[in-house]
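Asks: Chains as they are written, first to last, in our numbering: chain A, 1 to 114; chain B, 1 to 113.
Careful, some of the hints might be misleading.
To be verified - Mimicking DMTMM-like on lysine to aspartate or glutamate, the simulated pairs with C-alpha atoms at most 25 Å apart in a straight line are:
1) A:73 / A:56
2) B:68 / B:83
3) A:106 / B:83
4) A:101 / B:86
5) B:68 / A:44
6) A:3 / A:29
7) A:73 / B:44
8) A:106 / B:56
9) A:3 / B:44
10) A:3 / B:56
11) A:73 / A:61
12) A:3 / B:86
13) B:24 / A:44
14) A:106 / B:44
15) A:101 / B:63
16) A:101 / A:56
17) B:24 / B:56
18) A:106 / A:29
19) A:106 / A:22
20) B:24 / B:57
21) A:3 / B:57
22) A:106 / B:14
23) A:3 / B:62
24) A:73 / A:22
25) B:78 / A:44
26) A:109 / B:14
27) A:106 / B:62
28) A:106 / A:86
29) A:101 / B:56
30) A:70 / A:56
31) A:101 / B:14
32) B:68 / B:14
33) A:101 / B:62
34) A:101 / B:57
35) A:3 / B:83
36) A:16 / A:61
Hints are computed from structural coordinates only; laboratory data are not their basis.
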Amino acid sequence: AQKITQTQPGMFVQEKEAVTLDCTYDTSDQSYGLFWYKQPSSGEMIFLIYQGSYDEQNATEGRYSLNFQKARKSANLVISASQLGDSAMYFCAIHQGGSEKLVFGKGMKLTVNP
Amino acid sequence: DAGVIQSPRHEVTEMGQEVTLRCKPISGHNSLFWYRQTMMRGLELLIYFNNNVPIDDSGMPEDRFSAKMPNASFSTLKIQPSEPRDSAVYFCASSLGHPVGQYFGPGTRLLVL
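The following block holds chain B by itself, in its conformation from the complex:
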């Protein structure tokens, strides 16, 4: 079975540009998570959805960040406008609705110049 799929795997952009990260969860999983990992802040949860509904977005840093889950098989994390401090690895994860078995995607490495 395919795991969590993220695209792109690497993204280099210039400050001020819009960035869209994409995630396809494992089929049948009903919870989806977006994490950000940096050296300074470690791994932190940005937002998570259950049955396509945002449940906790307290980790979203500011209004420049937005996330959507239009259906059970697709989610996006958008940064507009991007800033150098957004440079990080962004992980998407999915689960069957219980923390055990939260499977991570390979991550998107974002560099904002």
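Same shape as in the complex, but just chain A:
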């Protein structure tokens, strides 16, 4: 079975600073993908970034980058130059190659202070 662990219940960061959100995963599959979603207080789930297990380069999407360390089974999200609008819950998720099923972590709350 696949599992995602997000141990940070909450983090605070100053506006314009960078922040790293931790995610570790457990899977016995060779082919899998890792995702990060953002859930603001309004409740919608917003896809941020994806990393495939065979991707050699770390994924980047604008201010978001994924620090993928396969041997350590970690897929940390890095947000550069935090903005007040980044305050939200952040969820890490994994899917098994060949399946569309996503398994989510418990999430963590990020608060960006002015």
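We have chain A already, so just place chain B on it with the hints.
Replies: Same frame as chain A, now just chain B:
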């Protein structure tokens, strides 16, 4: 383009009543997902369809829950009879058949009294 549409957005009902949640996926998407989010259990997949066929319903909690997708543009999640522990936010999501680009609807907030 319209995103995933869910209705109702909020539902308050009494224990024992039937609840039907509705979802219209993004046009052209061939996979549809129903998720439930609670404080205790987090976000969990209930069931997903591909080309209107249920592929994985292992997350459906019990026989009180049923889901259908009669056509490519409509799906329902039904709870009968509802119980207070079913109170949660229910999300519908759709995709083009690959996990990347799984777009979520705004959710239905269900409260069972």
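Asks: Which of the numbered hints are not met once you compare them with the structure shown?
Replies: Checked against the structure, the hints that fail are numbers 22, 26, 31, 35, while the rest are satisfied.
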